[in-house]
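Chains as they are written, first to last, in the numbering used here: chain A, 1 to 284; chain B, 1 to 467; chain C, 1 to 741.
Be aware that a few hints might be false.
Result set (DSSO-like, lysine-lysine): computed pairs, CA atoms no more than 30 Å apart in a straight line [what the hints assert, rightly or not]:
1) A:LYS197 / A:LYS24
2) C:LYS237 / A:LYS236
3) A:LYS236 / A:LYS250
4) A:LYS84 / A:LYS64
5) C:LYS721 / A:LYS236
6) B:LYS394 / C:LYS701
7) A:LYS64 / C:LYS707
8) C:LYS677 / C:LYS382
9) C:LYS139 / C:LYS287
10) C:LYS669 / A:LYS250
11) C:LYS382 / C:LYS92
12) C:LYS514 / C:LYS117
13) B:LYS394 / C:LYS669
14) C:LYS322 / C:LYS287
15) A:LYS64 / C:LYS603
16) A:LYS84 / B:LYS394
17) C:LYS662 / C:LYS420
18) C:LYS603 / B:LYS394
19) C:LYS701 / A:LYS64
What the hints contain is simulated information worked out from the structure, not anything from laboratory work.
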Amino acid sequence: MSLKNILENWSHYRRGIEQGGHHKYEHMWGMALDLNKCIGCNACSVACYAENNLAVVGHDRFAKNQVMHWLRIERYWDEPDLDKVSDSTSQYQEHGASFLPMMCQQCNAATCEPVCPVAATYHTPDGLNAQVYNRCIGSRYCSNNCPYRLRYFNWFSFYESSWPAPLHLQLNPDLTVRDKGVMEKCTFCVQRIRVAKDKAKMENRKVVDGEFQTSCQQSCPTTAIVFGDMLDPESKVSTLWRTHQVELGKTKQAKQNRELRGYRVFEALNTEPKVMYMERVREV
Amino acid sequence: MQTKDINEQIKWAQINKDVLSSMENPRMAYWVAVAVCVAMIACAAAAVGYVYTTGQGVLDLYWPEMWGLFIATFIFWIGMSHSGTLLSAILHIVHADWRKPIYRFAEAMTTFSLMTAGLFPIIHLGRMWNLYWVLPYVSDRGIWPNFRSPLAWDCFAIFTYLTSSALFLFIGMIPDLAICRDNAKGWRKKLYTVLSLGWAGTDRQWRHFRKTYLLMACFLIPLAVSVHSIVSSDFAMSIMPGWHVTSFPPYFVAGALYSGCAAIITLFIILRYFFRFEEYMTIPILEKTCKLTFVIAMAWSYLNLIEFAATWYGHDAAAKEVLWDKFTGPFSPYFWAMLFFGSVLPFALAFEKLRRHLPTMFVVSLLLNVGMWLERWMIVSPTLSLSYHPFAWKVVWPSMVQWAVVFGSFGWFGLLFLVFVKVFPSVSMYEVKEMVYHRRRAHEEDQAKIFHRRTSDPQPAIDTPSA
Amino acid sequence: MSGIEINRRDFLKVMGWSGAGVALAACDMPSTVTLEEGKEEVTAYILPEEYVIPGIGVYYASTCQQCSAGCGIHGRVREGRVLKFEGNPDAKINYGKLCQMGQGGVQAHYNPDRITKPLVRKGGALVEASWDEALGLIKQHVGPESALSGDKFAWVTGTVSGHQAVLLQAHLEAMGSGNHFVHEVINNAVGQAVNSDMLGETQPTYRFDEARVIVSFGADFLGTWMSPVHFATQYAKFREAPRGILVQIEPKMTLTGANADLWLAVRPGTEGVLALGLANTLLVKHKRDASVLPAEVQEMIARYDLDTVQRITGVTGDRIVKVAGWLDSQSPSLVLAGGTAEGQEHGYETAAAVMLLNIILGNVGRTIVSSGDLPYAQMGPKSGNNQALLNFAETVEKGGLEAVFFYNTNPVYTAPSFLKLTDKLNSVPFKVAFAQFPDETAMRADVVLPIHSPYEDWGTHVAAYNGTQIGVQQPLMEPLNPTTHGFGDLLLEMLKLRKAETYGGFADYYAYLKQAISALPVELAQPARLHDAQWQQALQTGLIPVQRSARAISAKALAVNLPDYTQNGQYPYHLVPSPRLGLWDGRHANIPWLQEAPDQISKVVWDSWAEMHPATAQKLGVTQGDVVTITSDQGAVEAKVYIYKGIHPDAIAVPLGQGHEKEFSRYAKDRGVNPLKVLSPVRDAKTGELALYGTRVQIAKAGRHEKLVKMGGSEIQVGRKLVATVTADVFRRTEGGQDVA
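Same shape as in the complex, but just chain A (with noise of 0.2 Å):
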């Protein structure tokens, strides 16, 4: 390591994400969600259990929220006022549920990344916010600075309790199953990514959008899930994000029409998440 080398990573590192971030990019995942289209089904969510190797924990667990869900779905009700009728407010939910599926963000200025103290969350070339469970030694920390709650603790061996022989004969081998004292999260089904970027390299070409998708996205019945190469420009997701004019690397963003539809959850974080929702749409 030598001075200049020093010097410039730097340079390098000290480049805020206005500047394009630190990180040097092969495909940057992301994800477009739809929820005029989202009917909040769940079947993304089991989509996942199935592909992930996500533990079941049981009702009494549930009950303390030791609960294991990469993808959940939020519901929130419009009506403020869920036990009390009065006249101030309306008797019925009338324009029915809003539905929130929520998976690791994959912020590009993840909250979570600087806080873990052997850096077993770190960011990929592929613009992925990366669990590496071998090394995680189970402090936490990223999960408590995660303003979106989307990182689970295994609170528990569930190896035995989850899956009693012969259910563990459904476990998928391109993951593992995480033991206690281990932080892990949704990865945009990270082991489907290293299979098309494989088969793309061996073909020698690049990763076409589309030619794999991720586990929720798959299942979706009604396609409102999008997810791609944000750097290819001609990606369905990179396409989505520019129709909305919702920017990566921009602390304010610069929205030209402001009805449209393209929003971040906690975009004021500036946490730069790589999942833009597009708003519910209600008639009235």
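With chain A held as given, fit chains B and C onto it using these hints.
Just chains B and C now, kept in the frame of chain A:
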């Protein structure tokens, strides 16, 4: 009414005798205390064993409250450790000599509370056997800890502080250990011979000793301040509402000094009662400690107000919500209790009558520390349970397993302290002698001035300190 | 029975033929056994079969059997184990998508509580037995020697279709019995009756994607109605610019209701009145052409003016006018009836009233089109209903039934207690359950035959809705348990007992199926190929295209007779036993993923609960988590209360799916209650179908409070921009489409 800090007429031999006798012949009460402490440790050890065989889930920690009582108690014990430095280093530098009879046990407290505090981040880890990954050791694979993480800073800071404060305690004890050596028999003789490092009380040794001690004191003060500032950055460096507060470092340091001083009052009264240290741990010294505690309490309350005001005027809606939740939400009973114990109760220290009443001070000092423990809990848990994402709001009462470990940590601290008072002099003999000497000199000089003696007049006979 | 075992080599050959095939090696070995322990058959790995590449996942096409919608699936297979189901992109039902129940299919397949050995009742208890013993018993009771024939024999099944239906019918004929009771709790029987009376077709096809307005009376088409995944794919198109309007009218918010632009709470059972009110407004206010309706229908509609409708339904007039306005201005529209609207004493009338709206709006032929006829009628689905259950109970009560075969249904669990089916079944001397799980019915049978899971078995399926392809069900792996048998194989075996001359030639069901499919007319295959190639293609794609003969659809307006709403002093509330996309009618309560997947609306997991309106809760003095006792004239259930504003104050909803007996599954044990048990004997007057939502109840505080275990903290967004909402005119401005006038 006793007004003097110390009896100026006390004989050197008497001091040696009083202190050395405290180290011998443990009475029944001592053994009972040891047994209680061991039982408490066993309780915590069983709890930790249970956690590690089943999983951290039995602590009733949950998504999103991942830290809970362990980290709160960790800050509490770190805070406790600041008292020793305050008494031995800061007051040493500012020449407040009333500290001398009581600083030794305060310094021991520093070391032991650090030894207690350090356990919490370790046992709270999901995989504690990999703890060494936080250390920057040279690895074949070139893997380093994440130097950006406040938890890694914590690790360095606590290790440094622990080593330094232990060294400081030891160095300050060398002249006393020599006294012990000269008076001990059997295994104690051997132990003290090794530990006193050949101390003979020569002029040269004293000169080196003074310099080293002063240097260590100067080194330790910024270290103590930095340690708690770094612990505060575990929170202040995050983006969570209620944690992301600029005033956290001074707030933490003030809180630390506060709980440390309160703990000194508690131990002061215990030692005075059990070891009959009435001659050394006098009421006026207690009063001074109480006044110091009162001042720090007020500083802490002020910083608390600053935090509230900064949040209130800060336009961070989420932070405001967390604050409001502390006042009115599920944690409000504990929050109000903390404010009462931390800001209202210390006014008891403002009244001379109460200050001089030992049982009252004993109870008050314990309650102050209950308040300070609650403060730490109120920093950690409300933010975790009620932060940005409303879907993740959830409050679950910590399980008995968590409480058992917290409870046991007091036993661990107590056991270390009990061993200390029987193996090492808990009152600094040589410094008490110094204090008595200086007080006597000052007194005589005052007398001389009063009687208009000429300086050429013969000085009254004064004992010279012997080592 | 060894004759029906598929030889492994042969099996592999077939799979090899099927194109992107892979051999299914070594799947019966526990994957945890290591080489070091010397227990493993090394050859499987050192000399892999041609298509086994360790580490490479291969996909096989099959058909999902988690509900009767018939979605095509791809099973991902690695090292001989099926790992995950994904939608088959070629399937025209689900277009590559799959719901959570489909995803849960793998856990049904690998379920730890599956029956693996035949069970035979001895001395009152079921004990494990050999296949020979079990089949011997069956031969003894229903074989040719038993002289059992005619209506002394019955099959009770869930929905069946394809070649299983053909063989089942053949077996019934061989037995000389007409007793086939096809039972499904969640069904569309009343709607189908209305369809055939008013449209001349049992199941037309709906064009959600064409519609600009959808008004659904209780039809939870995104959740539990007929073919939810198919409807969801169409819904996605419906929601694209210019974006149609969805109005959902029901007493309890369903998943579809949660996605509606306007959700209207209607007093249970008055949906038909509301439909007629809309018709009235359309005719009177919007001057819609009334000539499509006969005079008596016009007269009837005229009686339902706005005031009457408001009074009966509890829906305010401005809402009715608004919905009518949308229906008038946006064309074409689609008005549906289902679920809570149909499951009433006058369910048929209600569905007919809703169909009148379609006729007035001219939707028939535009958004409601003919499905055509299936060329192979005998393979068509035998769709289940609850009437079959009632009929079965009556038949049992009448006496004379000597042997009953159960397959793919669990009537002991689903039967309301007024049927006293559990007791009555004791009078049937010989009961055989073809069962995968030790469910309530299987545990009361005399012989339990453990069958393959659908994902290790052969079969074909024709969906009741959108059956434009025959779904091929082929094994995704070798049987997990060597001691289970395929249902088709067993059925064939039963047939051989009686009709050896016809069916004796088939070694097993696979052979039968291969011959049957190869014999389908070649021109149906796309592109046309040889017969044998047709079989291979069927296996490769999992689908056989079907040319349904075209058919015209015509509308016939019928007068309906709807009663006024009546209060019931003793039982003032309506019980809504709400089906869930997840546990369905309770059959999936043994799938841990689905137990842990929160209910879409209440977000409750692993339990039953009672949904209640805050007004009702205030009246009863209960808060969330309080336990209430819900009593009908047939019994009582207890459940914790979930309070929200997605339910009519006169209704209380308890979800289906829980309350199983402990033998069924470790995951369903001690979980919640089964609201079906307290249903009153109310039947649809016209069709005789059980009125699932026609039960009146009283509610009382049980005096206990228990924690309601649900996902999530806050139920509202607390000022955050989590789910932002824009109005549709903004959407249309930015993303295309015209504004609604």
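Hints versus structure:
1. The suggested pairing of LYS197 of chain A with LYS24 of chain A holds, with an alpha-carbon distance near 17 Å, which does not exceed 30 Å.
2. Under the criterion of a C-alpha separation no larger than 30 Å, the hint pairing LYS237 of chain C with LYS236 of chain A is consistent with the structure, at around 17 Å.
3. Distance restraint check for LYS236 of chain A and LYS250 of chain A: the Cα-Cα separation of roughly 21 Å lies within the 30 Å cut-off, and the hinted pair is therefore satisfied.
4. Under the criterion of a C-alpha separation no larger than 30 Å, the hint pairing LYS84 of chain A with LYS64 of chain A is consistent with the structure, at around 27 Å.
5. Of the pairs offered as hints, the one joining LYS721 of chain C and LYS236 of chain A holds, with about 25 Å between alpha carbons and a cut-off of 30 Å not exceeded.
6. The straight-line distance between the Cα atoms of LYS394 of chain B and LYS701 of chain C is roughly 27 Å, inside the 30 Å bound, and the hint therefore holds.
7. For the hint linking LYS64 of chain A to LYS707 of chain C, the alpha-carbon distance of about 11 Å falls within 30 Å, and the restraint holds.
8. With a CA separation close to 25 Å, the supplied pair LYS677 of chain C and LYS382 of chain C stays within the 30 Å bound.
9. At most 30 Å may separate the alpha-carbon atoms for a hinted pair to count; LYS139 of chain C and LYS287 of chain C exceed this at roughly 68 Å.
10. Proposed proximity of LYS669 of chain C and LYS250 of chain A is contradicted: the alpha carbons are some 53 Å apart, above 30 Å.
11. Between the alpha carbons of LYS382 of chain C and LYS92 of chain C the distance comes to roughly 20 Å, so the proposed pair stays at or under 30 Å and holds.
12. Among the hinted pairs, LYS514 of chain C with LYS117 of chain C is consistent with the structure: their alpha-carbon atoms are about 28 Å apart, no more than 30 Å.
13. Distance restraint check for LYS394 of chain B and LYS669 of chain C: the Cα-Cα separation of roughly 27 Å lies within the 30 Å cut-off, and the hinted pair is therefore satisfied.
14. For the suggested pair LYS322 of chain C and LYS287 of chain C, the alpha carbons sit about 15 Å apart, so the restraint of at most 30 Å is met.
15. For the suggested pair LYS64 of chain A and LYS603 of chain C, the alpha carbons sit about 15 Å apart, so the restraint of at most 30 Å is met.
16. Taking the CA atoms of LYS84 of chain A and LYS394 of chain B, the gap is near 22 Å; set against the 30 Å cutoff, the hint holds.
17. Using a Cα cut-off of 30 Å, the hinted pair LYS662 of chain C and LYS420 of chain C holds, with the two alpha carbons roughly 20 Å apart.
18. Between LYS603 of chain C and LYS394 of chain B the alpha-carbon distance is near 15 Å, which keeps this suggested pair within the 30 Å criterion.
19. Between LYS701 of chain C and LYS64 of chain A the CA atoms are separated by roughly 26 Å; this keeps the pair inside 30 Å, and the hint holds.
Comparing the model with each numbered hint stated earlier shows that hints 9 and 10 do not hold.
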